[in-house]
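Engineer: So you can see what is in the structure, the chains are spelled out below.
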Amino acid sequence: MKQLLAFIRKEFYHVFRDKRTLLILFGLPVVQILLFGFALSSEVKNIGIAVLDNSHDVTSEEIVRRIKTSSYFLVKDPVLNYAEIENRFKTGEIKCALLFPSHLAEDLGRSGKAQVQVITDASDPNNATIAVSYITAILANYQQQLNHTASIPYQIIPQVRQLYNEEQNGSLNFIPGVIALIFMIVCTALTSVSVVREKELGTMEILLVSPFKPLMVLVAKAVPYLALSIVNFIIILVLSVFLLKVEIRGSLLLLFAESILFIITCLSLGLVISNQTNSQKTAMLISMMGMMLPTMLLTGFMFPLENMPWIFQALSHVIPSRYYYIIIKAVMLKGLGFSYVWKETLILAGMAVFLLIVSLKRFKVTLA
Amino acid sequence: MSDVVLQNIVKTYNNGHVKAVNDVSFSVEHGELFGLIGPDGAGKTSIFRMLTTLLPPDSGVASVMGFDITKDYWEIRQRVGYMPGKFSLYQDLTVEENLTFFATVFKTTIQENYDLIKDIYEQIKPFSKRPAGKLSGGMKQKLALCCALIHKPEVLFLDEPTTGVDVVSRKEFWEMLKRLKAQGITILVSTPYMDEASMCDRIALIQKGNIMSIDTPQNIIDSFPFQLYATKAKNIYRLLTDFRSDNAVNSCYAFGEFLHLTLHDEQRGESVIQELVAKYKPEDFEIKRIAPTIEDSFIRLMKENETVGEAHG
Amino acid sequence: MDNTFKDKAIVCKSLTKQFGDFKAVDQITFDVEQGEIFGFLGANGAGKTTAMRILCGLSHPTSGEATVAGYNVYKEAEKIKANIGYMSQKFSLYENLTVYENIEFYGGVYGLSRPEIKQRSEAMLNRLGLAAEAKKMVGELPLGWKQKLAFSVAVLHRPKIVFLDEPTGGVDPITRRQFWDLIYEAAADGITVFVTTHYMDEAEYCKRISVMVDGRVEALDSPGNLKKQFNTDSMDEVFLQLARRAKRS
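Residue numbers (the working numbering), protein chains in the order written: chain G, -10 to 357; chain U, 2 to 314; chain B, 483 to 731.
No wet-lab data here; the hints were simulated from the structure.
Note that the coordinates shown come from a computational prediction; the quantities given were computed from them, not determined experimentally.
DMTMM-like mimics (lysine to aspartate or glutamate), calculated; alpha carbons at most 25 Å apart, straight line:
#, chain 1, residue 1, chain 2, residue 2
1, B, 689, B, 547
2, B, 617, U, 41
3, B, 563, B, 648
4, G, 8, B, 577
5, B, 628, B, 577
6, U, 172, U, 33
7, B, 709, U, 196
8, G, -9, B, 558
9, U, 289, B, 718
10, U, 235, B, 718
Whole structure, please, built from the sequences with the hints as guidance.
Structural biologist: Below, the structure is given as structure tokens:
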């Protein structure tokens, strides 16, 4: 028993003297509670919605007013014709559209039934479902109110069309996000560990004292993981398409190109991390723990970004996976072309170049 | 022009708290086999890392083959061979793969300079397909040496190449170094083993970041200021404690089966010894005068430095 | 085994450790008296470390017999561990604990009471001249001090036998000798010292030494007798002649 106590005591000493472990031990839960308590919620707010109003009568305008005053939606400029709707979904300006047929009030008065069409961007199936439920609730509310004064019960029936996901495939929920997460963590972690391992073994010393250019060391480290990640990506795609029945709508070539760009960004990030530490354990910790939390929370695939306090939204702009997530959704699920994602691509490319330069500059050509 | 020159090199760690190298100056001539002799923590590895341009000095200048270690580090890196302290080859690559890799990194092939490493490589050739991690200590050493030589460096830096290796392998290793020296390569070796010092052309005795002496091994031995006796008795531990506690004795250290003894009063050496024998009556007492070894000199210099250090406070 | 073994600190008979076809330790037979300083020599790869691990109760032999401190290595390994001390060059003390915390820890692990620990550590630190450093991190101490401290901690609980695995590697010549002073004191106190070393002069300090070659004990005698046997006056030469016979590399 005494032995056990002596041992436990020693372990406590070790723990308290390891500042990094302490940080994770106490810092992480606190951060998580704060985040989950304040910043994250699955409630969706400020959904961009546009209205195509063919009636312009009391009913339609009342519904629109209710939507405007609800905190869930941000009503954008009205749509003038059907063709325009598709475009505005593509640019991501709106996630939802409401279409009123002509003679809405009339139809209601006459037959007691009216249909309105609701279109949602289902490349984010979760959010789409939530948006639909909000609209349905608003309509039901209005319907109920009308029924107080009406002689025949009114029914305003929403007809829902899930754009980009007619089959209502739930896998779409997570595949783009998971792909981004995997690259972010795996590429970053493996590359950083590989460089640091060289340092730990002592072989880095010999490499440095040789004509071998430092840049070449970094490149040599990253290339195998680039190749393997591409293979990984292919496997994920194949599984998604054949097993999970996801349809790849856009250009495969574009998808690959963008993915390679993102992989390079992640590898560069790994190289930057490797410069900061001399221990494989720390490199692994920073890459996995350090990268996992921001990626999961601030990419936008688990929790909608639009809901977060502005500070997190600002932070999310620094996370490369945020841009990749937008790109991959656009290309893979919405079938959009380069013209729609050029901005995100440019940002991602800029990040990759920046990180590469930083990693090279800070690559210590000496041991200290 | 000397191949390696250090002038007033200082290196500290931890914001100056740890003084690893304290105003060190020496030079190594072309084709010399130079030994840096001292225990762990003496500063040997720090000096080597500075000379191979892996660490910058705090102050002082140094050059290798005429190139400055801070400004021309790139030139130096192309011309030197380096074998760092820890065994630093790729454990999961085979002997052959390791050698090929280092040859390629240095823009050469195994064939090109094979005659240089032939003697050594022949000994590990039977194991060329074995992963380096599975070799014995002596074999790893030989492989590391080959990898450091493969590009025909002009200066070879070997940081404690014989540490942790058994006596036979150590001996063989030094034989190899002598043959390399014959081919005109300048070699700097560091080692904590005093007996290896005699294999070098010149040595620097280093302790706690300070160079205590630089000279040929013979000169250092010759400059030992005391008469040295080797003595033994049946109960050697008792002899040691007895003599140590006696005022007539200057120093008394165990050296294997003998004690090495110096006296304060050297003029009356014989008489003093007789007095000691009479006093302590050791059984089976033997004593003879001997020439000092490097280790005797090292100990003497250590003690000298300690008292100097204390005097300075 | 007859009753004489009870007086011996270590007894080995045809001890063997086999890994597949490979005999790391090949039928070694020897014994160590109580209070003896016994040198266990051999080249790298000769089987020294494997043999030591068996004697420390860390590994089971494939065949043969051995008792350490009177306990059987097969069945009473735990008792062996409780009655021995161990120190190696590679690991001695925890670098990020203070000197005193290390002592406390090891004392506790070996079942010493608080007062015992306090008393013995005071005595030890005074003997080593390290009383002032009790609250310093071990990592900050110079190597020589660490090694001496590690040895003292290894014998803190007054074990019957202490195993030392190359304890003086890389240490300066004066500290090496101070270390051996400690070993002599421990032996005088009745502790049996089982030490491996690469320094041949240290082999001379031992009462008897054994030399392992290719898993077998090729020599076992006092340094003086071995030198006579091999017709030389240096232990270096003795070792070289023996080690050169090795076929394993």
